[in-house]
Amino acid sequence: MSQEHVLIATLGLDQHENGAIAVARILREAQMKVGYLGRFNTPATIVEAVRIQAPDVVGVSCHSWEYLELAPDLVRRLREAGLDTPVVIGGSVITAGDAARMREAGVAGVVHGAVSDDAIVEVIRGAARAHRDGESGVIGP
Amino acid sequence: MAPHVTRSGVALRDAYGDPAGLCETPGEFPFTRGRRRAAGHGGTWIQRELSGEGTGAHSNAQVRYLISKGQTGIDVIGDAASAAGLDPDHPLASASVGAQGVSLCRKQDVMDLLEGLPLDRISFSASLPPQAFVAGYTLAAEQYGFAAETLRGSMIHAPLYTEDCSYATHLPTGYRVRAALDTIEYCARHLPRFHGYIEDTYFFSESGLDAVEEMALGFVQIRYLTRCLIARGLPVDAFAPRIAILVNCGMDFFEEIAKIRATRRIFARMMRDDFGARDPRSLSVVITSHTSGLSLTAQQPANNIVRGTSQAIALVLAGVQALEISAFDEAYRTPSRESHLVGLRTQQILDLESGIGRVSDPLGGSYFVEALTDEIEAKILTRVAEIEALGDPVDLADQGYFREIFTSAMERQQREVAKGEIHVVGVNCHQIPAEEDTLLRDLAEQKIAVFDDHVAEIRAWKAGRDRSAVLAALDRYRTGVVSGANLIPLVRDCLNSDVTFGEMKGAAREALGLPWDHYGLVDGPVF
Chain P
1 MSQEHVLIAT LGLDQHENGA IAVARILREA QMKVGYLGRF NTPATIVEAV
51 RIQAPDVVGV SCHSWEYLEL APDLVRRLRE AGLDTPVVIG GSVITAGDAA
101 RMREAGVAGV VHGAVSDDAI VEVIRGAARA HRDGESGVIG P
Chain S
142 MAPHVTRSGV ALRDAYGDPA GLCETPGEFP FTRGRRRAAG HGGTWIQREL
192 SGEGTGAHSN AQVRYLISKG QTGIDVIGDA ASAAGLDPDH PLASASVGAQ
242 GVSLCRKQDV MDLLEGLPLD RISFSASLPP QAFVAGYTLA AEQYGFAAET
292 LRGSMIHAPL YTEDCSYATH LPTGYRVRAA LDTIEYCARH LPRFHGYIED
342 TYFFSESGLD AVEEMALGFV QIRYLTRCLI ARGLPVDAFA PRIAILVNCG
392 MDFFEEIAKI RATRRIFARM MRDDFGARDP RSLSVVITSH TSGLSLTAQQ
442 PANNIVRGTS QAIALVLAGV QALEISAFDE AYRTPSRESH LVGLRTQQIL
492 DLESGIGRVS DPLGGSYFVE ALTDEIEAKI LTRVAEIEAL GDPVDLADQG
542 YFREIFTSAM ERQQREVAKG EIHVVGVNCH QIPAEEDTLL RDLAEQKIAV
592 FDDHVAEIRA WKAGRDRSAV LAALDRYRTG VVSGANLIPL VRDCLNSDVT
642 FGEMKGAARE ALGLPWDHYG LVDGPVF
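First to last, the sequence lines map onto chains P and S. Heads up: the first sequence begins at 1 in our numbering, then just goes up one per residue. Heads up: the second sequence begins at 142 in our numbering, then just goes up one per residue.
Calculated directly from the structure, the hints in this document are not laboratory data. Even glycine gets a Cβ: it sits at the ideal position worked out from N, Cα and C. Don't take every hint at face value.
Chain S is faced by these chain P residues, among others (derived, beta-carbon under 8 Å) [unchecked claim]:
1) E17
2) Q31
3) V34
Listed below are the simulated SDA-like cross-link pairs for lysine to any residue, each with C-alpha atoms no more than 20 Å apart in a straight line [said to hold, decoys possible]:
4) K588/S <-> Q31/P
5) K560/S <-> A100/P
6) K560/S <-> A114/P
7) K560/S <-> D118/P
8) K560/S <-> Q31/P
9) K588/S <-> Q15/P
So here's chain P without its partners, still in its complex pose (with noise of 0.2 Å):
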């Protein structure tokens, strides 16, 4: 498989970043193409930009509330727009209820808990892996 291409972003008025300059870090070590989109990003121009870039994952970092209601936007967005990216969340907040109820509103892969660098790629190589054979549904832990 080719290199996979991931955009990064936060999601909403959600400050912290560290979580995804972490990750950005941890896929590019794993020979990913990646395209950080920086913070207070809408759904919006979430979808802009991935039907720009095309990438094949779209990796959102959570450490507010507000990715309840916005990671589902963003999914309903990108599919009315015609895109099949797979959007995975990741972020401490996100408990196990949330992850299910994520998964439930199109979100392919949630990293949440105590998860290791590799665990990170595997779910995102995962979602870039099936989105190229045309595969949907839920994947990771």
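Put chain S on the given structure of chain P with help from the hints.
What follows is chain S alone, placed relative to chain P:
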């Protein structure tokens, strides 16, 4: 405060020193060993927890609860929208109103937040939009019958850094500096007991900066704002006594103590030698403190109580004037009532049971601590000189110089944890399986719901306002933004005319040649 005698009956002095009188005494220049000779000068440190959620009234109840449990100061933080200068009815705020802090956008909100609080007896510190909050605070205090000269509290300013690693207002750096200076000047002239300028090194050091980087950037900003205030014609002794520094405290116990001791010394010499301060109060800086949220882990959250305790001990030994312990559940949620209480009780146990705050600078004279203080001081001064040699700090901010420092620190810190170069118990050593990690975990699922009712209330209130009064006040505000008048009287005017925080920001952006809303989702006042 713990009795001034040990359990065995040994009477304690306020401070101890070299019998030959060769070493520095607490309370004397350059204040390495503390601002005053007596620890806590007769009281103790201010014990508080960072709070704020929901509406002004909701946060008022939260503050009253904490006071009822023994909290002796107040520190309130705004929600993401308030901090960013967006009203709760802004489309981007809808997912978070009141969930991460208090939602404030109008005079009534500030009135609700402060209602019934003894503002002349308890200090009110705020991590809120500085101009809007100081204006609202003074208006509310007037309405509640408190004279301006009796008000106690503090206001954070970080015009050089906030955009790069915290809540972004999307206002130009130069304007943010001007607004901070206006606020500090206003406070210096009208609120003599209020700390109009807190240099907050806490929030940006949470990017993973080390102790030297944290204080070097802090001093770069203090020195820059001090030069600007003097250039405005303010005598240094008119505002320097009301500067305080809010420091972080990470896990490196002795280095953090040395950092605070070195900070007091640097500040004293800098104010005297570089800025000509003569008032002793200008030289002995107040240090307030917050234990590190970055050091907390989502794994095994009970361990965070130990981290907070260790850091709090360091801060008390270093002689801080106020202390907040990051809530143990902060890694996975906005702090719960339970975690606030644990933080407060930790401080009370340290104060009343351990007695570690009874004597000023108990580590003074330790070969190790004194040597470390000297080394940290030298490193901070070297780093400040390096940064200042690069040019004007506003230009550096605009060129992304500081942003690069912060993002590099985030990456470095995470890499060091991932590679095990920094030990983090429960994360890269001594882990336990997720199914065993259940203690205190239930708090993670208890969320603070978005305050949708408040959004509806704000919409209805906006629709009922006197449209012409709002627009006229906004015109006066725009004129002031362009003319360079002090903004605070204009903000007070706006708040009295039912202009919101978000609308003032929008008007300022327009006056500066920018669109009303950075996100392009709102194009003017909504009625």
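Status of the hints after comparison with the structure:
Below 8 Å, beta-carbon pairs count as interface contacts, and E17/P has one with chain S at about 7 Å; its hint therefore holds. Checking Q31/P against chain S by beta carbon gives a least distance of about 16 Å; that is not within 8 Å, so the hint is violated. With a least beta-carbon distance of about 12 Å to chain S, the hint placing V34/P at the interface is violated under the 8 Å criterion. As the CA atoms of K588/S and Q31/P are separated by approximately 37 Å, the hinted pair breaks the 20 Å bound.
For the hint pairing K560/S with A100/P, the CA-to-CA distance comes to about 31 Å; that exceeds 20 Å, so the pair is violated. Restraint check for K560/S and A114/P: the C-alpha separation of about 15 Å stays at or below 20 Å, so the hint holds. In summary, the hint linking K560/S to D118/P is supported, as the alpha carbons are separated by about 12 Å, within the 20 Å threshold. Proximity of K560/S to Q31/P is assessed by CA-CA distance (about 18 Å); at most 20 Å being required, the pair is judged to hold.
Only pairs whose Cα atoms come within 20 Å are accepted, and K588/S paired with Q15/P is accepted, the gap being roughly 19 Å.
Figure legend: structure checked against the earlier numbered hints; hints not met, in rising order: 2, 3, 4 and 5.
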